[in-house]
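K.L.:
Go ahead and model the full structure; you've got the sequences and the hints to work with.
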Amino acid sequence: GDSVTQMEGPVTLSEEAFLTINCTYTATGYPSLFWYVQYPGEGLQLLLKATKADDKGSNKGFEATYRKETTSFHLEKGSVQVSDSAVYFCALMGVFSGGYNKLIFGAGTRLAVHP
Amino acid sequence: EPEVTQTPSHQVTQMGQEVILRCVPISNHLYFYWYRQILGQKVEFLVSFYNNEISEKSEIFDDQFSVERPDGSNFTLKIRSTKLEDSAMYFCASSPTPNYGYTFGSGTRLTVV
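Residue numbers (this note's numbering), protein chains in the order written: chain U, 5 to 119; chain S, 84 to 196.
Fair warning: there could be bad hints in the mix.
[Stated by the list, open to error] With a straight-line cut-off of 30 Å between C-alpha atoms, the simulated DSS-like cross-links for lysine-lysine are:
{"#": "1", "chain 1": "U", "residue 1": "Lys72", "chain 2": "S", "residue 2": "Lys166"}
{"#": "2", "chain 1": "S", "residue 1": "Lys125", "chain 2": "U", "residue 2": "Lys64"}
{"#": "3", "chain 1": "S", "residue 1": "Lys166", "chain 2": "U", "residue 2": "Lys56"}
{"#": "4", "chain 1": "S", "residue 1": "Lys125", "chain 2": "U", "residue 2": "Lys60"}
{"#": "5", "chain 1": "S", "residue 1": "Lys140", "chain 2": "U", "residue 2": "Lys72"}
{"#": "6", "chain 1": "S", "residue 1": "Lys125", "chain 2": "U", "residue 2": "Lys53"}
[Unchecked claim] Each pair of labels, with its calculated beta carbon distance range:
{"#": "7", "chain 1": "U", "residue 1": "Thr55", "chain 2": "S", "residue 2": "Asn134", "range": "22 to 28 Å"}
{"#": "8", "chain 1": "U", "residue 1": "Ser18", "chain 2": "S", "residue 2": "Val95", "range": "37 to 43 Å"}
{"#": "9", "chain 1": "U", "residue 1": "Asn26", "chain 2": "S", "residue 2": "Glu84", "range": "39 to 45 Å"}
{"#": "10", "chain 1": "S", "residue 1": "Ser164", "chain 2": "U", "residue 2": "Tyr43", "range": "32 to 38 Å"}
{"#": "11", "chain 1": "S", "residue 1": "Gly99", "chain 2": "U", "residue 2": "Tyr43", "range": "43 to 49 Å"}
{"#": "12", "chain 1": "U", "residue 1": "Thr32", "chain 2": "S", "residue 2": "Glu142", "range": "17 to 23 Å"}
{"#": "13", "chain 1": "S", "residue 1": "Lys161", "chain 2": "U", "residue 2": "Thr9", "range": "32 to 38 Å"}
{"#": "14", "chain 1": "S", "residue 1": "Ser156", "chain 2": "U", "residue 2": "Ser62", "range": "45 to 51 Å"}
Don't read these hints as lab results, they were simulated from the structure.
C-beta atoms are modelled at their ideal positions from N, C-alpha and C, and glycine is treated no differently.
P.N.:
Written out as structure tokens, the structure reads:
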């Protein structure tokens with residue numbers, strides 16, 4: 005079935021470092037891809053999305069490009085801040101039986117940014 | 084910005100008791116979902132709901148679970164007889180169309196003792 009694989013955390017970085025969190029997926033058809041962020045004690049917030057191959061989603065300095073050839077959607081940020089410390093979830097939305105969609109999440113990657 | 088509201092934020096219940104988790108989706112959204120996240124684990128799909136009926140459910144969503152939209156604004160998840168392994172964060176979400184990103188609520192942390 006459809007699935008999402010993320011790099012294991014935690015990822016620990018110093019402020020202003022470059023961030024990459026790897027995400028690959030397995031899906032039939034052409035799913036939409038998402039990154040969600042969960043700050044400590046809070047719910048899931050949509051960070052960015054891409055709905056077709058070669059689309060780049062971006063928000064708050066984060067970006068990810070939908071790469072169909074490598075089935076990847078890696079999250080990047082050029083200069084992280086302490087406030088970016090959170091758990092990041094990669095997710096795909098495919099079409100399932102009956103035509104209804106659902107999100108399938110990766111396991112999440114915890115990012116800790118130190119001053 | 085419109086929000087999905089979940090209540091309560093934290094509920095502690097005894098094993099075997101019934102619990103009802105409440106959600107108020109965004110008002111013009113038509114598709115509703117429940118997900119759960121056991122501490123430190125993956126966010127898992129439970130059920131999707133559209134047009135007053137379940138459109139899909141996972142194997143987790145057994146006979147102990149039910150969902151309802153009782154009054155056109157609330158969307159509830161009932162667990163009939165809670166087990167220790169039901170302890171998790173439960174997230175409600177809604178979307179205007181099936182292919183749009185979901186808006187999640189901030190979750191209800193359920194602790195079964």
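K.L.:
Look at each hint and say if it fits the structure.
P.N.:
To see whether the hints hold, each was checked on the structure:
no. : hint                             : in the structure
1   : U:Lys72 <-> S:Lys166             : 42 Å, violated
2   : S:Lys125 <-> U:Lys64             : 24 Å, holds
3   : S:Lys166 <-> U:Lys56             : 41 Å, violated
4   : S:Lys125 <-> U:Lys60             : 25 Å, holds
5   : S:Lys140 <-> U:Lys72             : 28 Å, holds
6   : S:Lys125 <-> U:Lys53             : 19 Å, holds
7   : U:Thr55 <-> S:Asn134: 22 to 28 Å : 24 Å, holds
8   : U:Ser18 <-> S:Val95: 37 to 43 Å  : 39 Å, holds
9   : U:Asn26 <-> S:Glu84: 39 to 45 Å  : 30 Å, violated
10  : S:Ser164 <-> U:Tyr43: 32 to 38 Å : 33 Å, holds
11  : S:Gly99 <-> U:Tyr43: 43 to 49 Å  : 34 Å, violated
12  : U:Thr32 <-> S:Glu142: 17 to 23 Å : 20 Å, holds
13  : S:Lys161 <-> U:Thr9: 32 to 38 Å  : 33 Å, holds
14  : S:Ser156 <-> U:Ser62: 45 to 51 Å : 34 Å, violated
When the structure is compared with the earlier hints, violations turn up for hints 1, 3, 9, 11 and 14 and for no others.
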